[in-house]
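Enquirer: The primary structure of each chain is shown beneath.
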Amino acid sequence: DAKTTQPPSMDCAEGRAANLPCNHSTISGNEYVYWYRQIHSQGPQYIIHGLKNNETNEMASLIITEDRKSSTLILPHATLRDTAVYYCIVRGLMDNFNKFYFGSGTKLNVKP
Amino acid sequence: DSGVTQTPKHLITATGQRVTLRCSPRSGDLSVYWYQQSLDQGLQFLIQYYNGEERAKGNILERFSAQQFPDLHSELNLSSLELGDSALYFCASSPRTGAGNEQFFGPGTRLTVL
Numbered sequence: 002d003a004k005t006t007q008p009p010s011m012d013c014a015e016g017r018a019a020n021l022p023c024n025h026s027t028i029s030g031n032e033y034v035y036w037y038r039q040i041h042s043q044g045p046q047y048i049i050h051g052l053k054n055n056e057t058n059e060m061a062s063l064i065i066t067e068d069r070k071s072s073t074l075i076l077p078h079a080t081l082r083d084t085a086v087y088y089c090i091v092r093g094l095m096d097n098f099n100k101f102y103f104g105s106g107t108k109l110n111v112k113p
Numbered sequence: 016d017s018g019v020t021q022t023p024k025h026l027i028t029a030t031g032q033r034v035t036l037r038c039s040p041r042s043g044d045l046s047v048y049w050y051q052q053s054l055d056q057g058l059q060f061l062i063q064y065y066n067g068e069e070r071a072k073g074n075i076l077e078r079f080s081a082q083q084f085p086d087l088h089s090e091l092n093l094s095s096l097e098l099g100d101s102a103l104y105f106c107a108s109s110p111r112t113g114a115g116n117e118q119f120f121g122p123g124t125r126l127t128v129l
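Those protein sequences? They're chains A and W, same order as listed.
Count along the first sequence starting at 1, add 1, and that's the number in the working numbering.
Count along the second sequence starting at 1, add 15, and that's the number in the working numbering.
I should point out that these hints are in silico values taken from the structure, not numbers from a laboratory.
Quick reminder that beta carbons are idealized off the backbone N, C-alpha and C, glycines included.
Just to be clear, a hint being listed does not mean it is correct.
Unchecked claim - One side of the interface only, derived from the structure: several residues of chain W facing chain A at Cβ under 7 Å:
1) Gly-57
2) Leu-58
3) Phe-79
4) Phe-105
5) Glu-117
6) Gly-121
7) Pro-122
8) Gly-123
What the hints assert, rightly or not - For each label pair, taking beta carbons as the anchor points, the in silico distance ranges come out as:
9) W:Arg-125 - A:Lys-108: 15 to 25 Å
10) A:Gly-16 - W:Leu-76: 41 to 51 Å
11) A:Pro-22 - W:Thr-30: 41 to 51 Å
12) W:Gln-56 - A:Asn-31: 20 to 30 Å
Modelling step: build the complete structure from the supplied sequences, incorporating the hints.
Expert: Here it is as structure tokens:
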């Protein structure tokens, strides 16, 4: 499986956009990029995923570079409740890789 | 609320004992995944079942086993427990197998081994 690299922590002011980067330089053509977050010790929460194109939903936007070696998760208007650990995961199509490697993630601190 | 339920929420037991953790997937989801999260290891994938059959294995110890029943609920059995097995255990479900399907996680079971 392709590995991901994320900064260990980031700060963001409440109401501003939070841009969380992820490097996945060894990603292969059939691997998806997923983002999850975990608030305190709760179960991880699905945010968004994509393959090649940029994606947007009610929670966030996912920008994937053209060469697919990196991506950015954008929370357009961060709130204090968005403080969490954010995981960027790369996942392949084959059943043998039908599992998630969560890595260490980025701890996002949203400050008033 | 993801729709995935796990019981019990907390479990305290002694070394050498055996426990069973239960997971009910979201309605209609055929695939169930188990994960372990300990302080020093992060979130580790253990095992996946799809429609009653084992589909993928991760870092699951031989002392641990799982199964998925005809009603699609799953149980994770942990035996000969050691102090190091203390962790949060999460179950997740998805509609099908395959990389394009997001997983929805339950609230977890916190296991403490004394």
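Enquirer: Indicate, hint by hint, whether the structure satisfies it.
Expert: Quick rundown of the hints versus the structure:
Given hint, Gly-57 (chain W) at the interface with chain A, holds; its Cβ is 6 Å from that chain's nearest Cβ, closer than 7 Å. Satisfaction of the interface hint for Leu-58 (chain W) is found here, the shortest Cβ-Cβ separation to chain A being roughly 4 Å, below the 7 Å cut-off. Given hint, Phe-79 (chain W) at the interface with chain A, is violated; its Cβ is 16 Å from that chain's nearest Cβ, farther than 7 Å. Checking Phe-105 (chain W) against chain A by beta carbon gives a least distance of about 5 Å; that is within 7 Å, so the hint holds.
For the restraint placing Glu-117 (chain W) at the interface with chain A, the shortest Cβ-Cβ distance is roughly 5 Å, inside the 7 Å limit, so the hint holds. The beta carbon of Gly-121 (chain W) is positioned within 7 Å of a beta carbon in chain A (closest approach about 5 Å), and the interface hint is therefore held. The beta carbon of Pro-122 (chain W) is positioned within 7 Å of a beta carbon in chain A (closest approach about 5 Å), and the interface hint is therefore held. Below 7 Å, beta-carbon pairs count as interface contacts, and Gly-123 (chain W) has one with chain A at about 5 Å; its hint therefore holds.
At about 21 Å, the CB distance of Arg-125 (chain W) to Lys-108 (chain A) agrees with the hint of 15 to 25 Å. At roughly 46 Å, the beta-carbon separation of Gly-16 (chain A) and Leu-76 (chain W) lies within the given 41 to 51 Å, and the hint holds. Restraint check, Pro-22 (chain A) to Thr-30 (chain W): a C-beta distance of roughly 43 Å satisfies the suggested window 41 to 51 Å. A hinted range of 20 to 30 Å holds for the C-beta pair Gln-56 (chain W) and Asn-31 (chain A), which are about 28 Å apart.
Hint 3 alone, counting from the list given before, is not met by this structure.
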